[in-house]
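Protein sequences appear in the order of chains V and X. All the letters of the first sequence, read from the start, carry residue numbers 21 to 120 under the numbering used here. All the letters of the second sequence, read from the start, carry residue numbers 184 to 353 under the numbering used here.
The set of hints was computed from the structure by calculation and includes no laboratory data.
Going by beta-carbon spacing under 7 Å, a handful of chain V positions derived as facing chain X:
#1 Val33
#2 Ile40
#3 Leu57
#4 Leu76
Mimicking EDC-like on lysine to aspartate or glutamate, the simulated pairs with C-alpha atoms at most 20 Å apart in a straight line are:
#5 X/Lys309 with V/Asp75
#6 X/Lys268 with V/Asp113
#7 X/Lys315 with X/Glu234
#8 X/Lys262 with V/Asp113
#9 X/Lys208 with V/Asp113
#10 X/Lys309 with X/Glu234
#11 X/Lys315 with X/Glu330
#12 X/Lys208 with X/Glu263
#13 V/Lys107 with V/Glu117
#14 X/Lys208 with X/Glu264
#15 X/Lys315 with V/Asp75
#16 X/Lys348 with V/Glu92
#17 V/Lys107 with X/Glu263
#18 V/Lys107 with X/Glu264
These numbers come from a predicted model, not from an experiment. Every residue, glycine too, gets a C-beta built ideally from N, C-alpha and C.
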Amino acid sequence: MVPLNWYIGLSAVIFSLGIIGFLIRRNILIMLMSVELMLNAVNICLVACSHYLQDLRGQVLVVFIITVAAAEAAIGLAILVSLFRNKATVHTDALTEMKG
Amino acid sequence: MLSKLFFGYFAVVLVTLSIVIITRKNPVHSVLWMLVMFFHIAGLYLFLNAEFLAAVQLILYAGAILVLFLFVIMMLNIKEEVTAKRFIGCWPAGAALGVLFVVMVASTLPVFQQGPPGPFSIEAIKSATHAKALGTLLYAEYLFPFEIASLILLIAIVGAVVLAKKGSNE
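Make a model of the complete structure from these sequences and hints.
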């Protein structure tokens with residue numbers, strides 16, 4: 021039997037890789053994909069906890085997270101499309117309109 | 184022993200694929216590696232007796248969200264991306280923050296204590312089937328959050344159409 025701690029550790033590593041990807045990449049598309057990575061790490065943790073604590077409520081939460089992830093991807097990519105139409109770039113360091 | 188081997192395979196593949204995803208130059212390659220990663224996460228869900236969620240993972244993430252990403256990449260038509268710089272200037276700071284997070288979680292993990300088991304044992308889920316057990320909980324106890332989730336999806340549809348419409352930003 022795999023201990024629950026291993027799943028939480030795996031989930032933490034994937035989550036932190038999502039954080040790193042979000043912070044260090046210039047491309048907004050990859051940043052959005054890093055957000056998906058983080059949400060998936062949380063999902064792994066919730067499913068593992070729900071299996072080990074014998075409670076299905078964690079998996080209900082996963083269903084809601086998947087819903088929010090789909091909405092987030094749709095809105096984020098729509099913002100990206102309209103941004104690309106205006107500025108013709110997908111790099112974060114090219115967007116300096118709001119810099120003081 | 185076999186289950187630990189199984190978990191080890193999934194852990195190594197998932198972590199490797201995460202690193203690959205956040206370091207590729209071409210976003211299309213990232214999306215395709217992400218597809219492989221989602222298949223492995225679905226396998227992990229099966230391993231944890233969550234077969235309905237494994238199916239949802241494949242249909243929603245691999246089937247819908249990744250196709251959305253691919254569509255947007257093709258719409259943007261990024262040619263200079265493969266030659267452009269990948270990372271921001273101060274990338275070691277971001278990497279250090281991520282490593283700090285792992286260290287933080289790893290230092291709290293040994294004192295983690297599992298709570299008492301709930302009413303949904305593996306036998307109980309098996310006798311009701313997983314989808315039915317999950318659905319009963321979702322449509323009875325979590326009906327109001329479920330309705331809110333449908334509202335979030337509606338707002339996402341309307342928002343995406345408004346944002347991506349041509350000529351909506353003059």
